[in-house]
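> Could you put together the complete structure from these sequences and hints?
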Amino acid sequence: MNKMVRNMGYFSLISILLVLSSCKKDPSILKVFVRSTNNELVSNAKVVIIGDVNSDPATPEYVDTVQTNTSGFAYFDMEEFFSKLGKKETTGYFDVLAKKDTDQGSGYIRCRAHITNVLTVYFEP
-11 MNKMVRNMGY
-1 FSLISILLVL
9 SSCKKDPSIL
19 KVFVRSTNNE
29 LVSNAKVVII
39 GDVNSDPATP
49 EYVDTVQTNT
59 SGFAYFDMEE
69 FFSKLGKKET
79 TGYFDVLAKK
89 DTDQGSGYIR
99 CRAHITNVLT
109 VYFEP
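Numbering (the numbering used here), first residue to last: -11 to 113.
Source of the hints: derived by calculation from the structure; they are not laboratory data.
Some hints here could point you the wrong way.
Stated by the list, open to error - 25 Å max Cα-Cα, derived DMTMM-like pairs, lysine to aspartate or glutamate:
#	residue 1	residue 2
1	Lys88	Glu112
2	Lys76	Asp65
3	Lys19	Asp40
4	Lys76	Asp52
5	Lys34	Asp89
6	Lys72	Asp44
7	Lys72	Asp52
8	Lys19	Asp65
9	Lys19	Asp91
10	Lys75	Glu112
11	Lys13	Glu67
12	Lys13	Asp89
13	Lys76	Asp14
14	Lys34	Glu112
15	Lys19	Glu68
16	Lys34	Asp83
17	Lys34	Glu77
18	Lys34	Asp52
19	Lys13	Glu77
20	Lys12	Glu67
Stated by the list, open to error - What follows is a list of derived Cβ distance ranges for each label pair:
#	residue 1	residue 2	range
21	Asn57	Ser94	16 to 22 Å
22	Lys(-9)	Ser43	55 to 61 Å
23	Asn27	Thr104	20 to 26 Å
24	Asn42	Glu68	17 to 23 Å
25	Ser24	Gly74	22 to 28 Å
26	Asn26	Ser71	36 to 42 Å
Source: prediction; values computed, not measured.
Backbone N, C-alpha and C define an ideal beta-carbon position, used for all residues, glycine too.
Below you can see the structure in the form of structure tokens.
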């Protein structure tokens, strides 16, 4: 009886360790929607994110550029940015610039690790 209880304990411990080790963190994503002055989503707009080195806490230098897709949003995979930070640093602040032809707009966002961060940039009239 004692041996069976011990074996069940080992089995439970191994099961718990397997479940905990299989937990995967969510990806760090930044989505930027771009809208025209008519509030329509804009495809093929150039979107640039720039790390705000003057923020508090300071964000390391970082620049990335992506074109919006046919649905009107730019998709930034922020894993590279957050992998360069320490484990305790899970937030970055970014200036966002969007441009297509002569239209342009800007925004500002706080981006957090392991979640999908969303911002909508409107072109200025």
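> For each hint, tell me whether it holds in the structure or not.
Each hint, compared with the structure:
1. Lys88 with Glu112: With a Cα-Cα distance of about 12 Å, the restraint between Lys88 and Glu112 holds, given a limit of 25 Å.
2. Lys76 with Asp65: The given pair, whose Cα atoms are some 19 Å apart, holds under the 25 Å limit.
3. Lys19 with Asp40: holds, 18 Å
4. Lys76 with Asp52: Holds, because 23 Å separates the two Cα atoms, which is no more than 25 Å.
5. Lys34 with Asp89: Cα-Cα ~9 Å, so holds.
6. Lys72 with Asp44: Cα-Cα ~18 Å, so holds.
7. Lys72 with Asp52: holds, 15 Å
8. Lys19 with Asp65: Given that 25 Å is the threshold and the Cα spacing comes to 9 Å, the pair holds.
9. Lys19 with Asp91: holds, 20 Å
10. Lys75 with Glu112: Violated, at about 38 Å.
11. Lys13 with Glu67: The hint holds at about 11 Å.
12. Lys13 with Asp89: Answer violated: Lys13 to Asp89 is near 39 Å, above 25 Å.
13. Lys76 with Asp14: This hinted pair holds, its Cα atoms lying about 16 Å apart.
14. Lys34 with Glu112: Holds: Lys34 and Glu112 sit about 15 Å apart, inside 25 Å.
15. Lys19 with Glu68: Satisfied, since the Cα-Cα distance of roughly 15 Å is no more than 25 Å.
16. Lys34 with Asp83: Cα-Cα ~14 Å, so holds.
17. Lys34 with Glu77: violated, 28 Å
18. Lys34 with Asp52: Status holds; Cα separation ~11 Å.
19. Lys13 with Glu77: Judged against 25 Å, a Cα distance of about 15 Å means the pair holds.
20. Lys12 with Glu67: holds, 14 Å
21. Asn57 with Ser94: 16 to 22 Å: holds, 20 Å
22. Lys(-9) with Ser43: 55 to 61 Å: holds, 60 Å
23. Asn27 with Thr104: 20 to 26 Å: At 22 Å between Cβs, range holds.
24. Asn42 with Glu68: 17 to 23 Å: holds, 22 Å
25. Ser24 with Gly74: 22 to 28 Å: Violated, since Ser24 and Gly74 (Cβ atoms, about 40 Å apart) do not stay within the stated range.
26. Asn26 with Ser71: 36 to 42 Å: holds, 39 Å
In terms of the numbered hints stated before, the structure departs from hints 10, 12, 17 and 25, listed from lowest to highest.
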